[in-house]
Amino acid sequence: MNDFNKPFGVIVAGVGGQGAITVAQLILGACWRSGFYALQSEIHGMSQRGGAVSANIVFDQVPVTSPVVTSGEANLLISMEPLEALRYLPLMAMDAKIISATVPVVNIDNYPELSSIFDNLKKITGVTIVDTDDCAKKLNYKHAGNMCLLGASSKFLPISDEVWKRVIEERFKSKGDQIIEQNWSAFEFGKKLLEK
Amino acid sequence: MKISEREIMVLGDEAVSWGAIDSGMKSVYAYPGTPSTEIFEGIEHIVSSLDDGRIAKWTANEKVAYEMALGTSYTGHRALVCMKHVGLNVAMDAFMNSALTGIRGGFVVAVADDPSMHSSQNEQDSRYLADFAHLPCLEPSTPQEAYDYTCQAFEISEILGVPVMVRLVTRLSHSRGVITRKENMNLPECLGIPPEDTKNDWVLIPSIAKRRYRQLREKLPKMLTVSAQYNKTSISGHRLGVVTCGMGRAYFNQLCREYPALKEYNRLDVCSYPLSLTDIRKFIKSCEEIYVFEENYPYLEDKIRDMGQGKRVYGRRDKSLPMDGELNPIILKKCMELPLAESKKESEVVVPARPPRLCDGCGHRDAFNSMKDALKNIGVDEPRIFGDIGCYTLGVMPPFDMINTCVEMGASVGMTLGAAEAGLEPSIGVIGDSTFFHSGLPTLISMAKSKTANANLVIVDNKITGMTGQQPTVAIDIFEDIARSFGFSEEQIHVLKPLPQKHEENVKYLENVFSQKRPDIIIFRRECVQALRKKLYQKYYQK
Ligand code: SF4
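Quick mapping for you: the protein sequence lines, in order, are chains Z and V. So the first sequence is numbered by my numbering: it starts at 1 and just counts up by one. So the second sequence is numbered by my numbering: it starts at 1 and just counts up by one.
One chain only, chain Z, in its complex shape (with noise of 0.2 Å):
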């Protein structure tokens, strides 16, 4: 089990509009109603137009001051798309753990091969792929990869299922019970992945 006695770092990654920001803003929620102080850096502006969108997370049991994750001292990766995951590959702590999407977002005309992206990605100790595709289809919900991406990475994450259950209806009530269900179960779905 990780260590939540010193700062903990944690970066969720994406492309813009994919809603890496959502996904970092119920984990800095659900460290907050967990009891933790936390800090959380944002990219807003010109790069949420397509471009490399990341939100840093640091949370501690002591007041937290800098939002931002120091090279090799990010602890968790979770990244809604596989070339982004290697992108922050410098900042991870040796132990640190990643959690990847599958589902590429190609807006680039250098965009590299597909497989070479998971082979490199095969390689790093701690790293777990979640097919979102196969997610959204087994849950017949077209947005259920990034739930089911914070579902898995919650097996890194002192936070309990109620917690997380409270931030998920937090921040889907005002779209209603139905979606509140469904990214619920995402979650449950994301999971269970990493418990078999």
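Hints in this document: simulated from the structure, not taken from any laboratory. Every value quoted in this text rests on a predicted model; they were computed, and no experiment measured them. Treat each hint with caution, since some may be false.
Stated by the list, open to error - Far from chain V, by Cβ distances over 10 Å, these chain Z residues were calculated:
1. N2
2. F4
3. K6
4. L139
5. E169
6. Q182
7. E195
Unchecked claim - Facing chain Z, a subset of chain V residues (Cβ under 10 Å, in silico):
8. N89
9. S141
10. T170
11. R171
12. S173
13. T180
14. K182
15. A341
16. E346
17. P352
18. P355
19. P398
Stated by the list, open to error - Below, computed lysine-lysine pairings styled on DSSO-like, alpha-carbon distance capped at 30 Å:
20. K142/Z - K534/V
21. K191/Z - K138/Z
22. K285/V - K137/Z
A virtual CB, placed ideally from N, CA and C, is assigned to each residue, including glycine.
Fit chain V with the ligand to the given chain Z structure using the hints.
Same frame as chain Z, but now just chain V with the ligand:
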């Protein structure tokens, strides 16, 4: 979020919003600009559920916003104006002179700087401008301080009788964390208009301005006293000292968690300006070597180096820190020679940059495509196009390669005209509707008068401020009327729809327009697809 909640999770920008609300601010005016936009948006959101007569309005530009806020202050109400760093350049005239007029109701200028230029053309440091205007400036380092300092800035403003700047940087503006709001929220109160004996203090004719300027300078000792309450010196007797402010302070404090030995250093924490030189001198005396961590110009560092009594000062000037760009904990660690943690191996696959791009289906794409083909067809294979600030600046990238300048808001209009008068044919500028209202409008008057210049102003009109998250534009559907009233004839005004199926038609049309030796206005009009998706047009314009 309920108004009554005291512990809330907000962005640094929104902490400023709450500070203003809880301080009884009556009005906020602003022009959107990353990273400051969310200050206004935070207030707008809160105000929409308050129903206590508060005002939150976007304006045409920062100068207008500043002046409207100053008018609010004149009536005795508290006012906030917010902008990004380069917005303060636009509001500079009002800003400088408001130091002389002074204020009536508390007046706070929230300015967000953008070190590393995440979404800006430069990384100017607003502290110099506060200094230049002889005005106080508070600099928070966490969302909680952003809240607290905003509340206090209103008080200080009324105590000193001057506007007070609250300076943020991107990293704080866009940091999200928990703040605790004060227990007693002030309701908007009104001090009334300036009384008889001071009613002419705001008339800056030489006889009065001279007096007001002297009075401003005479406030310096009082400003120093107020400011000193925020700045903390602690001398431990260590040989090393560190001067921190803003995010430099935040990062250093965080490193103290990892390296408790850093807590032993002598410290000068700067949270407020002006800064007492006596305090700096005393601090320098207590150390053998000094680190200076500040965002982002070497403002304090230069003072410390000048007064440094030959001591070693680690900072940007001696390259211990990079000369440009924002700080981060790694930079601080390297500067203090702290070990970096081991990290995972870099990817073997080359990870290409993923720069921002125009959204799929954005009308700017079609506008650029048809302009490009039209120019090619009239023999201009390597066009040079004057750009401006907005999503369409991304037209600089392939496959368009259709933007060659981006200087400041509105520059495209003047540059197009200047280049046309110097003989560039055809001279073409591209500007968005919001940027045009911000700073392009006056130049259009000159363009109308310049009868024979082949100046072509392309207004990519999506009736929204796209780039900053789609805020409403001050006016819509009036470009044709404006152009007519300035003296453009019907044949000089063109409205096109940027759509793929209109490509050929638009290309043909533009070939003709670009070949005419006269000024032309080409309006490419189509909604922003993001704003459409969010149904913002109904929300803004069909009330
Ligand atoms: S936000 Fe709107 S204006 Fe900007 S690129 Fe996207 S569609 Fe175009």
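Here's how the hints hold up against the structure:
N2/Z, annotated as away from the interface, keeps every beta carbon of chain V farther than 10 Å; the closest lies near 15 Å. With a least CB separation of 14 Å from chain V, F4/Z remains clear of the 10 Å interface cut-off, as annotated. For K6/Z, the non-interface assignment is contradicted: its Cβ lies about 8 Å from the closest Cβ of chain V, within the 10 Å cut-off. Non-interface status of L139/Z relative to chain V is upheld: no Cβ of that chain comes within 10 Å, the nearest being about 24 Å off.
Every Cβ of chain V is farther than 10 Å from the Cβ of E169/Z; the closest lies at roughly 15 Å, confirming the non-interface assignment. Distance check for Q182/Z against chain V: the nearest CB is about 20 Å away, which clears 10 Å, and the non-interface claim stands. Non-interface call for E195/Z relative to chain V: holds, since the shortest CB-CB distance, roughly 25 Å, exceeds 10 Å. The beta carbon of N89/V comes no nearer than 19 Å to any beta carbon in chain Z, farther than 10 Å, and the hint placing it at the interface is violated.
About 7 Å separates the beta-carbon of S141/V from the nearest beta-carbon of chain Z, less than 10 Å, and the hint is met. The criterion of a C-beta within 10 Å of any C-beta in chain Z is met by T170/V, whose closest approach is roughly 8 Å, and the hint holds. Evaluation of the R171/V hint against chain Z yields a held restraint, the C-beta minimum of about 6 Å falling below 10 Å. Taking 10 Å as the C-beta contact cut-off toward chain Z, the hint placing S173/V at the interface holds, the least distance being around 8 Å.
Checking T180/V against chain Z: minimum C-beta separation of about 12 Å lies over 10 Å; hint violated. The beta carbon of K182/V is not positioned within 10 Å of any beta carbon in chain Z (closest approach about 19 Å), and the interface hint is therefore violated. For the restraint placing A341/V at the interface with chain Z, the shortest Cβ-Cβ distance is roughly 3 Å, inside the 10 Å limit, so the hint holds. The interface hint given for E346/V holds, since its Cβ lies 5 Å from the closest Cβ of chain Z, which is under the 10 Å cut-off.
For P352/V, the interface hint holds, the least distance from its beta-carbon to any beta-carbon of chain Z being 5 Å, beneath 10 Å. For the restraint placing P355/V at the interface with chain Z, the shortest Cβ-Cβ distance is roughly 6 Å, inside the 10 Å limit, so the hint holds. Here the hint on P398/V is kept, as its CB sits about 8 Å from the closest CB of chain Z, short of 10 Å. About 19 Å separates the Cα atoms of K142/Z and K534/V, which keeps this hinted pair within 30 Å; it holds.
About 15 Å separates the Cα atoms of K191/Z and K138/Z, which keeps this hinted pair within 30 Å; it holds. In summary, the hint linking K285/V to K137/Z is not supported, as the alpha carbons are separated by about 68 Å, beyond the 30 Å threshold.
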